[in-house]
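Peer 1: Going line by line, the protein sequences match chains A and B. For the first sequence, numbering that gives the first Met the number 0 gives the first residue as 0, with consecutive numbering after it. For the second sequence, numbering that gives the first Met the number 0 gives the first residue as 0, with consecutive numbering after it.
The set of hints was computed from the structure by calculation and includes no laboratory data. Idealized CB from N, CA, C, for every residue including glycine. Be aware that one or more of the hints could be misleading.
Quick look at which bits of chain B chain A covers, simulated, 3 or more residues with Cβ under 8 Å [what the hints assert, rightly or not]:
(1) 85-96
(2) 102-108
Chain A regions said to be covered by chain B (calculated; three or more residues, Cβ under 8 Å) [unchecked claim]:
(3) 9-19
(4) 53-59
(5) 62-74
(6) 77-88
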Amino acid sequence: MSDRSVTHATFVIERAYEATPRRVFQAFADPAIKARWFGGPPEWETLESSMDFRVGGHEVDRARIPDGPVTSFDSRYLDIVPDERIIFAYDMHLDDARISCSLTTIELRAEGTGTRLVFTEQGAFLDGYDDAGGREHGTREVLDQLGAELARQSAEV
Amino acid sequence: MLKYDESLDLVFQALADPTRRGIVERLTRGPASVTELARPLEMSLPGVMQHLAVLETSGLVRTQKVGRVRTCTVEPSVLRGAEQWIAERRLWWERRLDRLGEVLAVDANSAQDAADAAGASSTAGSAEGDPT
């Protein structure tokens, strides 16, 4: 892999949940609750999973994708304001290739009886995204997933 | 930054349609004329042209007319470039946040049950950890 490149990008995801900010925050803070939603699909083999939810604490999530690479999420908490805000910095690896370094901000705002979650990721997306094994699941599958996701989203609207 | 987000939106919109995903998939195997693209689609040429226009606007597909034949190619820098990778990452988080919503909904029900059982206690904030 001789090509080195960095693409900087920001994306924002918003969700509205019928739950108080306290409950949403707990779903990030409590390892038992977080394990129920944060892991990969069931067919991924978990190799390592740990979290230390405090400023400066680390979180690691490593899993093998069937017939594919090992994906690693390696994160450090930078800012935690209970029920309001979580900021963490993480990098992602596919096998030995570091594919991105990101800063993620999660903001929780009370909205009616529920919570609006605003997820903002500012990332440096690195060389290797195209040829380091991460493409093995292929364009077709990605497009299918994307389409299914979008169809599901528009069905919800 | 905004400019980037807009271009990603266009890519998402373009790929939201199964016919257009089919066209992109076909083009990842090599360039094709509009006629060749239309053949398996049971769709009129103007219909195909409309889908191609959306794909062109998103930057996913380029078309070039040589003589009477319009040839379509996929734009690798868009399809295989960072946008796709970032779209994938976005999807990765979208899935998780949706699952979070499901977990919150399940816990809301069990917390409600617990609150009902306990008689109206003012805070039911610690019931989350309970698998039902």
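Peer 1: A separate judgement is required for each hint: does it hold in the structure or not?
Peer 2: Evaluation of the provided hints:
For a cut-off of 8 Å, the count of residues in the stretch 85-96 of chain B with a CB near a CB of chain A stands at 11, and the three-residue condition holds. Restraint check on the stretch 102-108 of chain B versus chain A: 5 residues with Cβ-Cβ distances below 8 Å, three needed, restraint holds. Three residues within the 8 Å Cβ limit are the bar, and the stretch 9-19 of chain A against chain B gives 9, so the coverage statement holds. With 0 residues having a Cβ less than 8 Å from any Cβ of chain B, the stretch 53-59 of chain A misses the three-residue criterion, and the hint is violated.
Requiring three or more residues with a Cβ within less than 8 Å of a Cβ of chain B, the coverage given for the stretch 62-74 of chain A is violated, as only 0 such residues are present. Requiring three or more residues with a Cβ within less than 8 Å of a Cβ of chain B, the coverage given for the stretch 77-88 of chain A is violated, as only 0 such residues are present.
Hints 4, 5, 6 from the list above are not met by this structure, while the remaining hints are.
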